[in-house]
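Number of protein chains: 4
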Amino acid sequence: MAGSSFGNIFKITTWGESHGKGIGVVVDGCPAGLSLSEEDIQVYLNRRKPGQSKFSTPRKEDDAVEILSGVFEGKTTGTPISLVVFNQNQKSKDYSEIASYYRPGHADYTFDMKYGFRDYRGGGRSSGRETIGRVAAGAIAAKILSSLGISIVTYSRSIGSVELHASAEELLKEDALTLSAKILENPLYMPEQDTASHAEAYLEQCIKEQNSAGGIIECLITGMSAGIGDTVFEKLDANLAKAIFSIGAVKGFEIGSGFSAAAATGLSNNDMFCLDETGAIDKKSNHAGGILGGMSDGSPIVFRAAIKPTPSIASTQQTVNKQGEAIDINIHGRHDPIIVPRAVVVVEAMAAITLVDALFANMSARMDSLERFYRK
Amino acid sequence: MAGSSFGNIFKITTWGESHGKGIGVVVDGCPAGLSLSEEDIQVYLNRRKPGQSKFSTPRKEDDAVEILSGVFEGKTTGTPISLVVFNQNQKSKDYSEIASYYRPGHADYTFDMKYGFRDYRGGGRSSGRETIGRVAAGAIAAKILSSLGISIVTYSRSIGSVELHASAEELLKEDALTLSAKILENPLYMPEQDTASHAEAYLEQCIKEQNSAGGIIECLITGMSAGIGDTVFEKLDANLAKAIFSIGAVKGFEIGSGFSAAAATGLSNNDMFCLDETGAIDKKSNHAGGILGGMSDGSPIVFRAAIKPTPSIASTQQTVNKQGEAIDINIHGRHDPIIVPRAVVVVEAMAAITLVDALFANMSARMDSLERFYRK
Amino acid sequence: MAGSSFGNIFKITTWGESHGKGIGVVVDGCPAGLSLSEEDIQVYLNRRKPGQSKFSTPRKEDDAVEILSGVFEGKTTGTPISLVVFNQNQKSKDYSEIASYYRPGHADYTFDMKYGFRDYRGGGRSSGRETIGRVAAGAIAAKILSSLGISIVTYSRSIGSVELHASAEELLKEDALTLSAKILENPLYMPEQDTASHAEAYLEQCIKEQNSAGGIIECLITGMSAGIGDTVFEKLDANLAKAIFSIGAVKGFEIGSGFSAAAATGLSNNDMFCLDETGAIDKKSNHAGGILGGMSDGSPIVFRAAIKPTPSIASTQQTVNKQGEAIDINIHGRHDPIIVPRAVVVVEAMAAITLVDALFANMSARMDSLERFYRK
Amino acid sequence: MAGSSFGNIFKITTWGESHGKGIGVVVDGCPAGLSLSEEDIQVYLNRRKPGQSKFSTPRKEDDAVEILSGVFEGKTTGTPISLVVFNQNQKSKDYSEIASYYRPGHADYTFDMKYGFRDYRGGGRSSGRETIGRVAAGAIAAKILSSLGISIVTYSRSIGSVELHASAEELLKEDALTLSAKILENPLYMPEQDTASHAEAYLEQCIKEQNSAGGIIECLITGMSAGIGDTVFEKLDANLAKAIFSIGAVKGFEIGSGFSAAAATGLSNNDMFCLDETGAIDKKSNHAGGILGGMSDGSPIVFRAAIKPTPSIASTQQTVNKQGEAIDINIHGRHDPIIVPRAVVVVEAMAAITLVDALFANMSARMDSLERFYRK
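Residue numbers (our numbering), protein chains in the order written: chain A, 238 to 613; chain B, 238 to 613; chain C, 238 to 613; chain D, 238 to 613.
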């Protein structure tokens, strides 16, 4: 079944395999009149580009985006925006080995079970390169959000067991721009330089041991007005959960207090309503993570995603080949010892797409605003 | 926007408010020829019925389901199945107090922000009674799964900080029927009676302190063949994440090793492929939780949901009223000190619906099976 | 597959069989704050009620609608509106004869081919009673349109070969209210009383000959501003075509000049743009029927639907029974000699639902209106 | 709102403007294992290519398709198939004139009303070139149908008022291959050479008079088994109606007897069931056009689409410019005097896509076939 589209009103459809001709996305439902250039999108793509530090694969991928449609004289026209990154190095190396067995932690086996065969070159459709389409589309969504005063800041909360000292609440004391700048200061996209240093040491050890690491990504969204999202199946947190879980390697998602809420009590976990200095309604705490009953509550939205360690490791592993024989393998090639830093922008992109779709869906929620919209 | 439907090919649409005339669901896309009676559905609804122990609200709700359409001579006809539970006690008590302020941890405030006003009687559409439609539909989905040899077992993994000793892997050593029977032996739906006793003691303390508790629900799915689910946005785990997160009070979702995978290494987290005693491909471990690259891998699917403590507590809380004044409140009435046990069947229902939809979507995945289907 | 929902943002889901417990619809995505009573819906349902003249079945069906959810204190709440009409006379007569063979022109045979069996009582899901849900939902859609200044007038253009003298353009010279009143003056819903008399004479002849008649329904929509609808697959006319063709017995749909455009030339068929007396852009003619490139152009939308003659006739017909034997049958019972008049309000309802969905979808078409909406 | 996708399980998403970098389509939900080459698609595209006779624009458009993803070693992989036709002559001529006014019969005005501005080069997104994506996707759908024994033959039934002598029923006496070959023998795609000659004479007159012509396209589908399509909103004829009406210039759609059914009687219009020589159930006539109650009935599916005359004509026309002034215009450039022949393959493509989606949706209609599918 068709499974490469996401969103209802702001909808993206991605395509492409790791070693095919290219990777792309069609963004449908983008409003007309948004200024948009390839550079707007490229800055996002550059955040997921490999080879920027010793902690990502040394493969060279330029990943230059082209806008093929939907933009005229520098502005979106309201018609579908087709974006493509052509793969530069399609000349496939010898994949006969990888084609012959099932790599642990990868989709090789499930692909064969579902479809009978697979494009085994570099992971095919299940490659991390699939996220290029998401990030390109997310850049557009983020630009729409920005024009509405909504900011998203995303970073690595932990690498292995090395975790930030500051809580999300503490990090939120800085404005989005300052925090974003701080995150870009180290290759692990952590907003604390000393924690990043410890994490780097941990990763170097992983590399030395031909092993890999995982981590947790945290996302902070500010500027969302209250009441966005639906109350039943299209809850804003439910759609964020799906959006983030649709990223390969994500194994957990939580919002606000998340799993720790399970051990809390109502008295400690409830966020009491209060009035802020301007007299506006606010919450004394934000265990809810900015969403109540599926709708944004005006507080910052705070969520986390758990990312598993890169499954491609150089250490010897046991597996089974297509002939049904148990074998030992060593996966060669240039692999990321950790994908968390590169996944940061993917999480941000999927969050942005989800928020834009929810904002659009909300426009017909009330008769009074509908009448105002159509009766000027 | 329309937000009360879930699923694409097997689609449910729920309706109803806590104190309206009734709660219902339309199940569209159910195959023709499934034996179905009201009793099949009632046994599921009875698992979420309140008043069955001191740990759920003493409100009496019979919640008797009626099938209004889609079943003829004891079998589903392929047309929409309309199910309804009429509310028996609509005679509203005085809700003027609750209508006047925003309860912490509830959707009162966000409802008002989105729609301008709300049906404040008993939580309206955001009431736990909304899940009646999900459970009724889930009973049908579970019956379809059962006919395909797929079982779902769901239980409380933890209540507050009282957690089961046995891991999911250990529990999976028992067959689904035995495990299910064990779970029904205590009102907390825990498969370990001694742990349940500790949890009961903890809950009694909560009740005494006018407080409430949360917990973690775990779900085990066995019998799924490999290759179900899609590789990009419609990943089986992504859809499970949305399904479960669309249940009110869920704050976290994880699959397999979940959040603990973030601190693991590739070597420890990868599940090596092996051959079982029959020579079939198997995995030596199941950190993946039964899904690889968005598709089922043939191992049991294992996921967990974190449930927050019931927000309605008798203790004094601070909040704001509709006039914008800070006030102290005490929420009266009969509330569940914990919703985890009653939510167990809701989680199971949403999982069943998600799996059926994925199984249906998978039928057109391959030309060879398509040709076999249409060319007999 | 789920096939009982229509619309994306304003979505309806219908359920129910002719002789089941009831017929209903869930309307999801209706904005909050619309005044809505059962009486608002009943006046629409009464227009399709049988037994109001000798030209419709003398069956007595009261078809009293109940609102089960989504309305609080007289206003829609933004949550799903569940509407039901309980069937009053479920006591089935003996259907063994009708169950045994395939009625010509009915869905008996195709139902059996698709599902293996069918609810044969009164046509089951394929009965005209299925349209009750559409009309009830359409009443809500029409109320939304009315609040935006949009009117729909629908009537019988022809009964058999008896056709109105006045063209749509001529009828549009009268205001919507006057025209609507005129239509209600005869049981055939024709805006010309003399033509209606001729049509009645024709129908009486049909009845005498144990035969039935078809006709053409025309629909006029005024007050739509320009630019509603999409340019590719979600063209406003494409969605109207689907909406109308989803009504049983519809065999043709055309907009503006319709089929006669096929024999016209560009010079005669093009609508030249001009300025009206206020200096606003207008068209000198309306061969386009109010839609250009899939989007409303500000002129009245004019479309027609061809309705086949009622397939249930008393005359002897040849058919095949379930044993695969050729037999002669006489269909007994009280059948409409024509369904065109009763289908008028069904066409209007489906048009209203389509327009509301298009209006909602259009709200996020432009960045400037988006910013105005969210940045006050 | 997103409006460039069509289909649910077999879903296509088109993008591109007439004078942008290219035109493309993403085909998602194509089963794995279908042999597919660029040549398979190119033969379809060639049927809509201009410049093949004096009756289509002399513009040279090579329209060479490239497969960018979803095919590996000559077979579809089950992942999205991205197809693109790069525009070869983007060097825009001077469009300042066409940008300044609203062409009658075109979407210029409605585009401006909806989006505030438009890509005016060659019609932008509303250009006939948009159909390239549909035809490319349709080639894949047709190949799937072919593997299931389903054929589609499409041709011009009339050009202006010059109409075929043979009825659809008579044409159906020839096998699909012979009929298809005959259609390709003249540039108007008519299966009668003498009628084609008359139509050519009519078109030459149109060209001489700087005018344009319309016509009717007819489509015959054979080999569909009974029971495909749904009974309510997703009726097979309703989806065909939307599919065909979403093609620019279509003003009418009818199935089987179509509009003429409106003037028929039940006795003449009902198709009596009978037994064919093999004892299988058949119909004595096919006024229904192969669909009863929204589901295929096993007879050939027969439908027609009315196509309006090309709106771009060289004759002087009145219109209004963006400054709101009434002006006279002469549209220059190379335009098709008729688009009917080039639209034939577009109609066929949209029909094929609709049928494939309906076939896929039908696979979960019955428990017995579901159990057979999953329990081998």
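Possibly wrong hints are sitting among the right ones.
The list treats identical chains as one, so a pair stands whether inside a single copy or across any two.
Unchecked claim - Simulated crosslink set (DSS-like; lysine-lysine; CA at most 25 angstroms straight-line):
{"no.": "1", "residue 1": "K291", "residue 2": "K559"}
{"no.": "2", "residue 1": "K380", "residue 2": "K445"}
{"no.": "3", "residue 1": "K312", "residue 2": "K410"}
{"no.": "4", "residue 1": "K559", "residue 2": "K445"}
{"no.": "5", "residue 1": "K419", "residue 2": "K312"}
{"no.": "6", "residue 1": "K291", "residue 2": "K258"}
{"no.": "7", "residue 1": "K410", "residue 2": "K445"}
{"no.": "8", "residue 1": "K258", "residue 2": "K521"}
{"no.": "9", "residue 1": "K291", "residue 2": "K312"}
{"no.": "10", "residue 1": "K312", "residue 2": "K258"}
{"no.": "11", "residue 1": "K312", "residue 2": "K330"}
{"no.": "12", "residue 1": "K258", "residue 2": "K419"}
{"no.": "13", "residue 1": "K258", "residue 2": "K380"}
{"no.": "14", "residue 1": "K291", "residue 2": "K380"}
{"no.": "15", "residue 1": "K445", "residue 2": "K419"}
{"no.": "16", "residue 1": "K312", "residue 2": "K559"}
{"no.": "17", "residue 1": "K258", "residue 2": "K445"}
{"no.": "18", "residue 1": "K410", "residue 2": "K330"}
{"no.": "19", "residue 1": "K380", "residue 2": "K410"}
{"no.": "20", "residue 1": "K330", "residue 2": "K521"}
{"no.": "21", "residue 1": "K380", "residue 2": "K521"}
Derived by calculation from the structure, the hints in this document are not laboratory data.
Going through the hints against the structure:
{"no.": "1", "hint": "K291 with K559", "in the structure": "neither (34 angstroms within a copy, 56 angstroms between copies)"}
{"no.": "2", "hint": "K380 with K445", "in the structure": "neither (40 angstroms within a copy, 51 angstroms between copies)"}
{"no.": "3", "hint": "K312 with K410", "in the structure": "neither (35 angstroms within a copy, 42 angstroms between copies)"}
{"no.": "4", "hint": "K559 with K445", "in the structure": "neither (31 angstroms within a copy, 61 angstroms between copies)"}
{"no.": "5", "hint": "K419 with K312", "in the structure": "neither (31 angstroms within a copy, 48 angstroms between copies)"}
{"no.": "6", "hint": "K291 with K258", "in the structure": "neither (27 angstroms within a copy, 37 angstroms between copies)"}
{"no.": "7", "hint": "K410 with K445", "in the structure": "neither (38 angstroms within a copy, 38 angstroms between copies)"}
{"no.": "8", "hint": "K258 with K521", "in the structure": "neither (53 angstroms within a copy, 36 angstroms between copies)"}
{"no.": "9", "hint": "K291 with K312", "in the structure": "neither (38 angstroms within a copy, 38 angstroms between copies)"}
{"no.": "10", "hint": "K312 with K258", "in the structure": "between (28 angstroms within a copy, 15 angstroms between copies)"}
{"no.": "11", "hint": "K312 with K330", "in the structure": "between (41 angstroms within a copy, 20 angstroms between copies)"}
{"no.": "12", "hint": "K258 with K419", "in the structure": "neither (36 angstroms within a copy, 39 angstroms between copies)"}
{"no.": "13", "hint": "K258 with K380", "in the structure": "between (28 angstroms within a copy, 23 angstroms between copies)"}
{"no.": "14", "hint": "K291 with K380", "in the structure": "neither (31 angstroms within a copy, 48 angstroms between copies)"}
{"no.": "15", "hint": "K445 with K419", "in the structure": "neither (28 angstroms within a copy, 48 angstroms between copies)"}
{"no.": "16", "hint": "K312 with K559", "in the structure": "between (51 angstroms within a copy, 19 angstroms between copies)"}
{"no.": "17", "hint": "K258 with K445", "in the structure": "neither (34 angstroms within a copy, 47 angstroms between copies)"}
{"no.": "18", "hint": "K410 with K330", "in the structure": "neither (49 angstroms within a copy, 44 angstroms between copies)"}
{"no.": "19", "hint": "K380 with K410", "in the structure": "within (23 angstroms within a copy, 48 angstroms between copies)"}
{"no.": "20", "hint": "K330 with K521", "in the structure": "neither (58 angstroms within a copy, 31 angstroms between copies)"}
{"no.": "21", "hint": "K380 with K521", "in the structure": "neither (31 angstroms within a copy, 42 angstroms between copies)"}
In this structure, the hints that do not hold are numbers 1, 2, 3, 4, 5, 6, 7, 8, 9, 12, 14, 15, 17, 18, 20, 21, in rising order.
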